[in-house]
Amino acid sequence: GAGVSQTPSNKVTEKGKYVELRCDPISGHTALYWYRQSLGQGPEFLIYFQGTGAADDSGLPNDRFFAVRPEGSVSTLKIQRTERGDSAVYLCASSLMPGDEKLFFGSGTQLSVL
Amino acid sequence: GENVEQHPSTLSVQEGDSAVIKCTYSDSASNYFPWYKQELGKGPQLIIDIRSNVGEKKDQRIAVTLNKTAKHFSLHITETQPEDSAVYFCAGPAGGTSYGKLTFGQGTILTVHP
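Chains as they are written, first to last, in my numbering: chain Y, 31 to 144; chain V, 614 to 727.
These aren't lab readings, by the way, just hints derived from the structure by calculation. Honestly, I wouldn't trust all of these hints.
[As the list claims (entries may be wrong)] Only pairs whose alpha carbons sit at most 20 angstroms apart, straight line, appear in this in silico SDA-like list of lysine to any residue: (1) V:Lys670 - Y:Gly83; (2) Y:Lys108 - Y:Asp130; (3) Y:Lys132 - V:Gly709.
[Unchecked claim] Far from chain V, by Cβ distances over 10 angstroms, these chain Y residues were calculated: (4) Ala32; (5) Lys45; (6) Gly46; (7) Gly83; (8) Asp86; (9) Gly102; (10) Gln110; (11) Glu113; (12) Leu121; (13) Leu133; (14) Phe135.
All figures in this text were calculated on a predicted structure; none of them were measured in a lab. Glycine included, each C-beta is placed from N, C-alpha and C at the ideal position.
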């Protein structure tokens, strides 16, 4: 596609529920990132994929968060037992190749945990 | 890891004036400094970046300057226009990485009054 696509754009869930957020990167981009942005703050790194594998998951806050990219294109961020503190905008970004720092961001998924 | 501080948090200018946003960083080994523009409801968009082997880079009305000794870099926007109104983020590589794992500043809300 023309840009990074994220779905849904908004997700409202209840505390304790499971959610999945989807990211479709720019066609041909091999590197994919997830960031989280709280209100009034800059994005914070969560995880980085080179192809299908997670090369750096040091930003995931705890084991309730998990991400996959099984075919090296679309990625899904999964959050178990959601908490109110998980409410934020989850941003996905891609870059042409590993080692390329120029990130192209999607518009994000606004997650609200009630 | 890298710590990036950004000032001011808000900036209001008249159309046609210049705007300057400054960032400081902590890791002297950092070598890549991008600036992102984020409009309401959208993801950050890369507008200009600079590497540590260059002191200044310009692209039409925007420029970035880097002072490695003082560990600070600045975004300069000349002849501001209302469409420049947005949140601007500086960033630096997190933990000496050479891929898109970035530490972002806190953001500057720029308002350009017609």
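Checked hints:
no.: 1; hint: V:Lys670 - Y:Gly83; in the structure: 35 angstroms, violated
no.: 2; hint: Y:Lys108 - Y:Asp130; in the structure: 25 angstroms, violated
no.: 3; hint: Y:Lys132 - V:Gly709; in the structure: 16 angstroms, holds
no.: 4; hint: Ala32; in the structure: 14 angstroms, holds
no.: 5; hint: Lys45; in the structure: 25 angstroms, holds
no.: 6; hint: Gly46; in the structure: 28 angstroms, holds
no.: 7; hint: Gly83; in the structure: 13 angstroms, holds
no.: 8; hint: Asp86; in the structure: 6 angstroms, violated
no.: 9; hint: Gly102; in the structure: 16 angstroms, holds
no.: 10; hint: Gln110; in the structure: 24 angstroms, holds
no.: 11; hint: Glu113; in the structure: 23 angstroms, holds
no.: 12; hint: Leu121; in the structure: 5 angstroms, violated
no.: 13; hint: Leu133; in the structure: 5 angstroms, violated
no.: 14; hint: Phe135; in the structure: 3 angstroms, violated
Consistency with the previously given hints fails for numbers 1, 2, 8, 12, 13 and 14, ordered from lowest to highest.
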